[in-house]
Amino acid sequence: MNLLSTLLRPAALCLLLLAGLAQATPTPNAPAPDFTLRTAEGRNLRLQEQRGQVVMLNFWATWCGPCREEMPQLGKLYERYQGAGFQLLGVNVDEDPAAAAALAQKLGVKFPVLLDSAKQVSKLYELNSMPSTVLIDRDGKVRFLHRGYRAGVEQTYDQQIRTLLKE
Amino acid sequence: MLRRIGAALGSLGAGLAALLGHGAARAVDLPADTAEAMVHIYDGGGVKAVGPALLIRKNIADTVSLSGTYYVDLVSNASIDVVTTASAYHEMRNELSLSLAYATRDSLITLGGSHSQEPDYVANSFSVDVSQEILSGLSTISLGFTRGQDQVGMHDNPSFSDSASHWQYRVGGSLILSPRWVASANLEAIADDGYLGSPYRLARVFGSFIHENNPRTRSSRAVKFRVIGDVGEAGARSAVHAEYRYFWDNWAIRANTLEAGYTRYLGDAFLVDGFGRYNHQTKALFYSDNAPTETTYFSRNRQLGTFNSMSLGAHLSWNAANVPGKYDVKLHGSWEIVRFDYQDFTDIRTGKPYAFTGHVVQLYMTASF
Amino acid sequence: MTNLLRTLPALALLAATLLAGCSTPQPWVQPYERERLADPIMQFSRDSLAEKHRDHVYTVREGGRGATGVQGGGCGCN
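Residue numbers (the numbering used here), protein chains in the order written: chain A, 3 to 169; chain B, 16 to 384; chain C, 2 to 79.
Chain A with its partners taken away, still in its complex shape:
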């Protein structure tokens, strides 16, 4: 009986961890899945080509309120760190790419907007919230993952980009 109870506690903890993992999305320090998408301008862009730079992937849509709120903040980050080896890619999941391009222009977005209307890349990254922001380091590994948008989280983005740029 005593043996049973001593085994049960760690076993339960292991299961708890596993249950947590069952819901996980790209796990930190795993390589970021590669993809190629067309931009709003028409050219193709591949994630692997960005290696050597710190990449922030922001998954957004025109119908998502918090995504629209986040856009100007991301624009500021892009302007600040673009010259230091930072690349920001906005991956849009609208069914209608024209609407995405129109809204991006209206919000004054300068960073590349990639069109993922087939939602392949979203599935690849196993996203479970909108918007989602993934920070990838110079070696192509996923380092930070942000689900949703809260006012003020751009400070955290700023700190994390700086950390990755210093490496």
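Think of the hints as simulated: they come from the structure by calculation, not from any bench. There could be a bad hint or two in this list.
[Unchecked claim] One side of the interface only, derived from the structure: several residues of chain A facing chain C at Cβ under 7 Å: (1) W65; (2) V95; (3) E97; (4) K121; (5) S124; (6) S131; (7) M132.
[Stated by the list, open to error] Covered stretches of chain B (chain C as the covering partner; in silico rule of three or more C-beta atoms under 8 Å from a C-beta of chain C): (8) 129-140; (9) 159-167; (10) 200-210; (11) 246-260; (12) 267-273; (13) 293-302.
Just so it is clear, CB atoms sit at the ideal spot from N, CA and C, and this is done for glycine as well.
Position chains B and C relative to chain A; hints supplied.
Just chains B and C now, kept in the frame of chain A:
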């Protein structure tokens, strides 16, 4: 012994917390900041009720939303009851409602109160509603409670004074079925206590008119199922909705109501809806057009009789101004034709079962900012 | 008996984690697939004032009431 049970419950609680905490931290959206202004018109069966209505809703600090509604009803009543048993009258009813909504991680708590005043009736109510998102936001469960207290008076009779109390309990849930379909189910139980009739209304017993006598309690249940589906394409979004409600109470009234509608975008700026409603009700136990026997309770209130009501309506909205992220103004017009066909209420002027056609018109503006 | 009670906390934790694995299924609609559902025409309740009025028109003329999604106070509209 108790300590061990406590420890077991504690770890069960930890397990439950792990369960509810699964998935991303996600915030329930507060309702958007809105302002609405409306002119509402009803004309049917000799009753005309028109008036303005206003609604303002504002978010404060992104966690609390305050809203206020002011509603006025100017009634000219020359309905069949009034015309055959009394004389036409005009009346004004004012209603003010306030509510406060508080959003936490996945739930929304709303507190509300309302005060309705007319010369011979004052109604106050207080409500609490909680709605909670579950299943990663694919489903919402909601619970609600309203407590109402009314003061009943009578125009030319200051000695008449009575009260009515109401309790409403609501439970409901909505579920996203697919990227295009959503369904919901709602159940509401209402209990009333006190003076539940009208001091002016007469009933007919053995051919002569006397004041009605309603039971002083009523207990009712209603269950409603709704479904909405997106049936359009990316260029021309459209949706279809259908709902069914079954109502039953301890006065033996049974009602089946069916509604359906189709909504469609026309270009960038216009939205058009078409909808219909059908309701069939069977009478209350003590209702009679002309009671042949003497019973404790008797009423000739056609609202409690056997009837069909059918309606068809259309609604058009025009997006007058739209600045994404800043404000959006829409103008709306809606017109519904409703027909009531009574099976056991006769028009004593003609001797035939009574029926009438009414019109419900709404002209309003909605703005979100 | 006391041994069983001692293992109860661990058993409860085990049950909770097993249930956690079962009862939070993978969402069948991902957040990025919710585009159509975000459209206002997919709301059950679009314009609250208009719905309040329409609900009022029917509630004062019919015996049936409730479950409409409109939270109402009363009135003496007979």
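Results of checking the hints against the structure:
At a threshold of 7 Å, the smallest CB-CB gap from A:W65 to chain C is about 4 Å, leaving the interface hint in force. Against a cut-off of 7 Å between C-beta atoms, the interface hint on A:V95 holds, since the closest Cβ of chain C lies about 4 Å away. Proximity of A:E97 to chain C holds as hinted, the smallest CB-CB distance being about 6 Å (cut-off 7 Å). The restraint placing A:K121 at the interface with chain C holds, with a minimum CB-CB distance near 6 Å, inside the 7 Å limit.
A cut of 7 Å between beta carbons decides the hint on A:S124: the least distance to chain C is about 4 Å, and the hint holds. At a threshold of 7 Å, the smallest CB-CB gap from A:S131 to chain C is about 5 Å, leaving the interface hint in force. With 7 Å as the threshold, the beta carbon of A:M132 comes within range of chain C, its nearest partner Cβ sitting at about 4 Å, so the hint holds. Closer than 8 Å: that is the beta-carbon criterion, and the region 129-140 of chain B has 9 residues meeting it against chain C, so the requirement of 3 holds.
Requiring three or more residues with a Cβ within less than 8 Å of a Cβ of chain C, the coverage given for the region 159-167 of chain B holds, as 5 such residues are present. Given as covered by chain C, the region 200-210 of chain B passes the check, having 5 residues with a CB less than 8 Å from a CB of that chain where 3 are the minimum. Taking a C-beta to C-beta cut-off of 8 Å, the region 246-260 of chain B contributes 5 residues in contact with chain C, enough for the three needed, and the coverage statement holds. Interface restraint, the region 267-273 of chain B with chain C: holds (3 residues with C-beta to C-beta distance below 8 Å; minimum three).
Residue count for the region 293-302 of chain B with a Cβ under 8 Å from a Cβ of chain C: 3. That meets the three needed, and the coverage hint holds.
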